[in-house]
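**Student:** Given next are the chains, with one letter for each unit.
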Amino acid sequence: MKNHVFIIGGGVAGCEAASQLSKMGFEVTLAEKEPVLGGKLNHWDRLFPSKRKADEVTGILSKNLEGSKLRLMMNTEITRVQKQNGGYTITAGSEEIMADAILIATGYETFDARIKEEYGYGIYENVITSVELEQRFKNGNKILTSKGEEPKRIGFVHCVGSRDEKVGNHYCSQVCCVTAVKQAMEVKEILPRSEVFCFYMDLRMFGLQFEDLYRESQEKWGVNFIRGRVSEAAENIDGTILIKVEDTLAGRPLKMKVDLLVLMVGFVPSPGTHNIGKLLDIEFTPENFLKPADEHLDTHSTNLPGVFVAGTCKSPKTIADTFADARAAALKVKEYLDMKNN
Amino acid sequence: MINEGKKIVWSQYQKNIANDHYFYIRSCIRQNLWPGSETTFLKIVRNELGKDVIEDANHTTCTGIGYHTDLVPLETTMTVVARLFALMTERGYDNMISSCITSFGIITEILETWKEFPETEAKTREYLKKATGREFKIPRNLAHASDIIYKFRKEIGEKGSRKLVNVKTGEKLKVVEHIGCHYSKMFPHKGVGGAEFPYVLIGMIEDWGGEVVDYPERRHCCGFGFRQYLVKANRGFSIACTKKKFESMEPFKPDFIITNCPGCNYFLDRWQYVLSEMEGRTFAEDENGIPVLTYEETAGLIMGYDPWDLGLQMHQVGVEPLLKKLGVEFDPQKKYLDKNGNSLGVPEKPSVLNFC
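Line by line, the protein sequences give chains A and B. Residue numbering for the first sequence follows our numbering, starting at 2 and increasing by one per position. Residue numbering for the second sequence follows our numbering, starting at -5 and increasing by one per position.
Only pairs whose alpha carbons sit at most 30 Å apart, straight line, appear in this in silico DSBU-like list of lysine-lysine:
1) K167/A / K238/B
2) K148/A / K166/B
3) K258/A / K237/B
4) K1/B / K148/A
5) K247/B / K245/A
6) K258/A / K247/B
7) K9/B / K167/A
8) K168/B / K245/A
9) K148/A / K256/A
10) K341/A / K3/A
11) K318/B / K343/B
12) K148/A / K168/B
Here are the simulated distance ranges between beta carbons:
13) E129/B / E166/A: 33 to 43 Å
14) G230/B / G141/A: 49 to 59 Å
15) E149/B / G141/A: 50 to 60 Å
16) S5/B / K279/A: 18 to 28 Å
17) E149/B / G240/A: 31 to 41 Å
18) E241/B / G223/A: 23 to 33 Å
19) K167/A / N135/B: 22 to 32 Å
20) K148/A / R85/B: 57 to 67 Å
21) K148/A / E106/B: 38 to 48 Å
22) E166/A / N26/B: 35 to 45 Å
23) R115/A / M180/B: 15 to 25 Å
24) K279/A / P112/B: 32 to 42 Å
25) G223/A / N26/B: 53 to 63 Å
If you're looking for bench data, these hints aren't it; they were derived computationally from the structure. Only a predicted model underlies this, so the values are computations on that prediction, with no experimental measurement involved. Don't be surprised by glycine CBs; every beta carbon is placed ideally from N, CA and C.
The following block holds chain A by itself, in its conformation from the complex (with noise of 0.2 Å):
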């Protein structure tokens, strides 16, 4: 008989485990609470380094899955999991479902940016998140401003809920600084007479192609870079959004003008890591996402056998790592269930 793995979570992570594990020959379930697969990923339009379309890459997950012979469980969210016969029994929707094990890819969450009360978003009309711009993107919007005209300067914010004490969030979020420069990149292909200005700490361009990416956006589309947090925003009389930023470069204190600004919010674990992180009893790293079993050595193992983790339920990570996250998930699930065979 098949040993039956049970996936939460029908993200990139999810998705390609579910597709390799199926290939391995495991009977798999794959639960997703949303009623469609790709997470995230289905807000995005363009991925960096390359551009390359959001929708190129999910489908490509969507096209994996088509072969398989797993079982899809859509609009279903989990309700209970109880240890039972060297397995687990799992709620899922109406259904009580036996697995051999369990992998968890829940994801992450974009940060509420609301929380950072200073820079008005919810209240001051041009003030968004990079998700938003995104989605600006994808839908082929225009970029305008809540009057309904081009933005002249656009000014986007990193580190909008990451690396900052405050918010009780230190760690940072990987993606936000490439993302950013992306955007602002973006920004200036639809709106070349525009002037865009990135507020950063320090870029970490840790990726390859990044640091071109970030040379390209300032040689070719002109994008400014400024050392520097911005304290705060407030609106003007004509809607516009007036910053404080210090220009730590230049060493003085910067008040700017703009009719855009973006926030790059960072990541934050998802309710549904929490949830069934609390629902399992699964230990959680300080940053209060899902922990792994050893930072170095075992990154998808828990703290309970035959429980697995993968992708941004456990930390912040690039597609291109979620999907390498996912597959090394898929291996370890593999072992474990090889071992408990024999």
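Dock chain B against chain A, hints included.
**Tutor:** Relative to chain A, chain B alone:
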């Protein structure tokens, strides 16, 4: 501006404000600057709202100005504040109200320090006992006086005879609010509405029929900032701060300003005169300046009290244009007369700012 977004923020910063039986501590400077404000507060709370509020003639400064200028060490400040607690305890009260924002900030800071470092509380108790023989209980509830007016703003509005409306046009008056740094910037959860979008004064303005002006430099310092003014060499910086605020609010054409803090009221009022003398300009139409009132004075106007009993003649910027908008009847001849009809003296006429 999306008001619904502000409401979400406000909902996260609501504080418990005691309902009755208050021990009131006055400000060092307010009685000189705006002598009607504290009297009006007591009159409203006692006579209009029927609450029990007492004060003690033995109460002293909280040392706030000395503390923030590094003249008074923290241990001394804690002991002096502990003595205020002892006076309250001896009178059998445990709900403290502070008239001054800096006192409110000082007391809040001390209470939070004692929570984090209990040994400092123990030391303070020892110092107070040695120096005065007194003991004290920590207040069960600490409120700034504006919290009390905020809590009962609807009752004041209902009892009052006036709204913040221009009686000639029927339009809501545009009001700038300034809460003062020590109200909630240090401890956002200790103030109604938090630090970034404080609600304590907005609640009053909205419930009394006015319209709030949210201008870009709303959060900026009034110009006091202690060292900016108290160190004479820094006064240029002080007035530059205030000027920045006025230039920012000017396009919104506010009818008046409500403040929460003694220093803020002083600087937003007095520096308008100084700026007019220095630069030959004001920030309101017809060289009238923008009147600056305390929340108690505003509440007094809502209640229909006589403006000269409220002490509005003590403001540098003339309040008469505002009184006319509100439909307040007043006798200009009595402006500079005391309660017995004696002259208080008439200030020198400014060269630019209108003098009513």
